[in-house]
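**Student:** Model the full structure from these sequences, guided by the hints.
Chain residues, written in single-letter form:
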Amino acid sequence: MNRAGRKVFCLATAIFLAAFQISCQRPLSNVESGNRDQVLHLGNGTEPQGLDPHIVTGVPEHNILSALLEGLVTEDPKTLQPQPGAAESWTISPDGLVYTFRLRKNARWSNGDAHTAQDYVYSFRRILNPALGAQYAYMLHVLRGARAFNEGKSKVAWETVGVEALDDHTLRLTLEHPTPYFLELLNHYSFWPVHPGTIERFGAFEKRGTPWTRPGNFVGNGAFVLHEWRVNSRIIATPNPHYWGAANVALKAIHFYPIDSADTEERAYRSGFIHRTQTVPIHRIDDLRERRPGEIKFETYLGTYFYRLNVTKKPLDDARVRRALALSVDRAGLVSNITRGGQQPAFHFCPPGTGGFTAGVGLKYDVEEAKRLIADYLKATGQSRVPPIEILYNTSESHKVIAEAIQGMWRDKLGLDVKLLNQEWKVYLDSVMQANYLTSRAGWIGDYNDPNTFLDMWLTDGGNNNTGWTHARYDELIRQASRAPDIAARLACFREAEEILAREVPVVPLYFYVNVTMRHPSVQGWHPNVLDHHPYQHVRLKAP
Amino acid sequence: MQTSLSRFILVRLLQALPVLFIIATLTFFMVRLAPGGPFSGEKKIPKEIQANIEAHYGFDKPLHVQYVRYMGHLLRGDLGPSFKYVGWDVAELIRRSFPVSLQLGVFALLIALGLGLPAGIIAALHKNTAADYVPMGMAMVGICLPTFVMGPLLILLFSSGLGWFSPMGWYSWRDLVLPSLTLGLYYAAYIARLTRGGMLEVLSQDYIRTARAKGASTSRLVFVHALRGALQPVITFLGPAMAGLISGSFIIETIFFIPGLGRFFVNAAFNRDYTMVIGTVLFYAVLILALNLIVDIVQAVLNPKSRLE
Amino acid sequence: MSTATPTTPAPEGASLWHDAWLRLRQNRMAVAGFVIFAGITLLCLFGPTFFTRHAYDKTQLEAHFKNPDATHWFGTDALGRDVFIRVLKGGQISLAVGFLATAVSILIGVTYGACSGYVGGKLDALMMRAVDILYSLPFTIFVILLMVIFGRNFILLFIAIGAVEWLTMARIVRGQVLVLKHAEFVEAARALGYSTPRILAHHILPNLLGPVIIYATLTVPAVMLLEAVLSFLGLGVQSPMSSWGLLIQEGAEKMDIYPWLLIFPALFFSATLFSLNFIGDGLRDALDPRAAKD
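Chains as they are written, first to last, in the numbering used here: chain A, 1 to 544; chain B, 1 to 309; chain C, 1 to 294.
Do not take every clue at face value.
Taking lysine-lysine and the BS3-like style, the derived pairs with C-alpha atoms no more than 25 Å apart in a straight line are [claimed, not checked]:
hint : chain 1 : residue 1 : chain 2 : residue 2
1    : A       : Lys371    : A       : Lys78
2    : A       : Lys419    : A       : Lys371
3    : C       : Lys122    : A       : Lys371
4    : B       : Lys43     : A       : Lys207
5    : A       : Lys207    : B       : Lys47
6    : A       : Lys155    : B       : Lys61
In silico negatives: residues of chain C with every beta carbon more than 12 Å from chain B [what the hints assert, rightly or not]:
hint : residue
7    : Ala20
8    : Thr41
9    : Lys58
10   : Thr71
11   : Leu107
12   : Met128
13   : Asn153
14   : Leu156
No lab work stands behind these hints, which were simulated from the structure alone.
Glycine included, every Cβ here is placed at the ideal spot set by N, Cα and C.
**Tutor:** Following this line, the structure appears as structure tokens:
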């Protein structure tokens, strides 16, 4: 080798080594350093709409607020059974109307202030105050007189509402009707308390959007406090030293990242940026199942994916056509080939096991029967062809492939003329609410673990019915269920209601949700449950 | 020249006021006419609660009353609170996210100009040779790979493959590289094509032929004579392109998880965040007006024949 | 103001066009571009009726994401549909949108820009501020309103695309005209008392062709991709139909697992753009009024 050649060789080696070093000296990933320092990094969907529990309405907001605030009761991380939270115990009157909570004497706000029953009165009054315009105020309408107060009719006095502080540590809540799922409801953030002093300091009681939710200002009673908030970048929560259970909190910080794009989030996970994703893109499921079998999780989620049928429009005004549509969908093929997350085919509306209730099988996959129904319909109405059917969905790749698959099934199996129509989210919502569609894609996530959150939707005056379907017996059954003397009678009501749905088919249930996520093996104390709730005080990190 | 230039700028600045006023007005009514509101969601809210929210924001008043009120705030420089991001002011969100987009945009612009201009000039000087086909072929590849393909492709190569960069985030200087490259390559392709075209146009002009006949060197030919005429389409293109670059790209910011302004632009419209839509639109309009003004001035300076009009 | 509509070439121009045609035919790259382009267009137009083994909307759920093989030349997608036929079908939409919308943008942009630049003064200021306004208005909301008011309609697609794509074209043309109108040959024509339409059509327009052609070849891909964005808003092509823009968009994030979903539509898209580009360059050279002197 001549001199020049040696020089080139040395240079090349040097460059190679430098490049090698760059790749070796990469700083520890978030997951690596997080496992060392007990810092949990979470993908959290979208930027939260805010952190005021009385204003916000979404899941990402819940995930953050559940670190910062605590309700009267919390839930068991595995079974979701109500557990003492800010209240250490409670009693329920025999008629199921009066709940009396004993608050923990050792509970404190994150600024060290005492945590009293009056704070809850203040909080409930705030969210129910019509001037605040809280969307989720209706969750509190189970309280006696709350609805009238919230609707501001004829200046109802606050004293008529069933919320009362008997002393500093005793809170009495009186309900309108017995509500078997009331304790579960209390774990919804609309029931969580806010710190009166802070609310007042940053503006009036009825003002939305004051800076009280900013880091440094936010005072909560949860296991963590708000430390940093960079919009569209990250939110950091650190332990609250005044939390009554602070001794058992293992995490030193939680970082929430609002990563909108599922593909970006999945890349973030693979590069060790986050411990857990909020979702997984459908087209990656097969690949991840193969390559990271221990990390991809399929967890039942309290939700149903379905198609609404507008019963006021032809040809869906005829129950035979509606039933034929429901019978000709190959749900097993749909979940195994399209959604691929181990979703359960839905042959009734309410997810199995919701609050201990599972409906009998109402629908099935029966193309012959469907064809017969269509033939009957054509004969009875003297038509030669079924009028065209249009499927409305909001733009998204996953809704699109499902709609295309269903279109194929209805076309190939029943010979129907099926068109697809996609709209941008808010336009779609508008079309659905004005019943300006024929069939429309929808999903429903339970607000609490009870069949009522699914089945009261199809009441004649149900705000989310939107199908024009009305059935007197159904309405009666749902009302009976809320006043049923015992659980068996209550479930019987729901069972019959589901039978009516399967016969009348205002809605075609397709599958029950499964939450598909990636979770790093180092995350301990994180238990799958149908609400995807994970109280962070139970979570710790342990490098495998 | 000095006085005519300052007069020209003054006139344009005066023109900007009615233009901004028209943009604000049109946007106000357009966004209100669109179906759905900032508070419509999958779960319907009881009528009375809907009324409470609308009363809180004054939506229960007639539209023209709301318009007058909004414009009143605007005149005082108040863009109002965001409807979607409760607790944040529109101006504050823009102030926080614009520097991010600006940084990204400036780097992308440098890449675009640094690659595009030389490629276009070289190609034009060596028309129909390898030195033309190679850079122009690469430019075509840049045009054929839109940012939503280029982004994941670069991530695949340099992040998943070589492990040099993080696939997303905005936390260190390294995070600047892939997104600005993605954005820059796309614009570089446009600039290269436009530069080559402009150069060819000018190189066949009589005065260049004369200069060439007189034995002017190639570099002198390019930099003294040709470029000023050739860049006219490039500069015109750059006005709105720069406004687009520094106000952020939704696609890039989403793919790379960057807290820039581009995400607000698009999401504001989807969320029907009325104040945010008008705020971002006005911000963008100011950029467009300013950059188009600069473009017109630069062109007048480069081409003494075209007067400032 | 119709002064700038290109008039039919004057008699003395006939030989000019003829010469241009001859020059174009001698340009090998341009001819190759034309052949490729014609091939793709014909394949997209007639392919789906010729290759009838698969239909673009025939779903076979069990056969999803199949590698390319002898049955499915380009593999299958998430619903087991044949990607080859879908690329051809998508080409019909993309080519139609690409050309019609670009033509609309050229027509409006050149007319508008030439008027604005040539007339100048107050009218120019007014017209250019109108362009600034149109640049700034929120496009998403504009499209949503179009759909709400007029319903879904293929013509709306061109209006929506035309509304954004002519703006830069108009500004480029105006910039050129500002320079050209003070050029000696235009001054001379004016001194000879020629009418404004004649000056615009015979003296200014031929000199605009270069930048217009180049910017038009850049507009075609932009338009084809914009169509995919509009589909998101519910305008544009309706599933199960597709377009190159949509296929590329859907394939982009799957490139590392199911590369054929990106590669094949991207190949067709790129080949079309490359060939157009060569045709454009050839046309520009052929039509260059000064090139004849070489």
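**Student:** Given the hint that Lys43/B pairs with Lys207/A, test it: the Cα-Cα distance must not exceed 25 Å.
**Tutor:** holds (24 Å)
**Student:** Please confirm whether Thr71/C is truly not at the interface, meaning its C-beta sits more than 12 Å away from all C-beta atoms of chain B.
**Tutor:** Its Cβ never comes within 12 Å of chain B, the nearest being 27 Å, so this holds.
**Student:** Below or equal to 25 Å on CA atoms is what counts here, so check Lys419/A against Lys371/A.
**Tutor:** holds (20 Å)
**Student:** Regarding the assertion that Met128/C does not contact chain B, is the least Cβ-Cβ distance greater than 12 Å?
**Tutor:** violated (8 Å)
**Student:** Next pair to validate is Lys371/A with Lys78/A; report whether the Cα-Cα distance is within 25 Å.
**Tutor:** Violated, at about 45 Å.
**Student:** Against chain B, does Ala20/C keep a CB gap of more than 12 Å to every residue?
**Tutor:** holds (15 Å)
**Student:** Is the nearest Cβ of chain B still more than 12 Å from the Cβ of Lys58/C?
**Tutor:** holds (27 Å)
**Student:** Need the status of pair Lys122/C, Lys371/A: alpha-carbon distance at most 25 Å?
**Tutor:** violated (70 Å)
**Student:** Hint check: Lys155/A vs Lys61/B, CA-CA at most 25 Å. Holds or violated?
**Tutor:** With a Cα-Cα distance of about 21 Å, the restraint between Lys155/A and Lys61/B holds, given a limit of 25 Å.
**Student:** According to the definition I'm using, a residue is off the interface if its beta carbon is farther than 12 Å from all beta carbons of the partner; does Leu107/C meet that for chain B?
**Tutor:** Nearest chain B Cβ is 19 Å from Leu107/C, so the label holds.
**Student:** Does Lys47/B sit within 25 Å of Lys207/A, going by the straight-line distance between their CA atoms?
**Tutor:** holds (20 Å)
**Student:** Since Thr41/C was said not to touch the interface, does its Cβ keep a gap of more than 12 Å from each Cβ of chain B?
**Tutor:** holds (18 Å)
Hint violations for this structure: numbers 1, 3, 12, all remaining hints satisfied.
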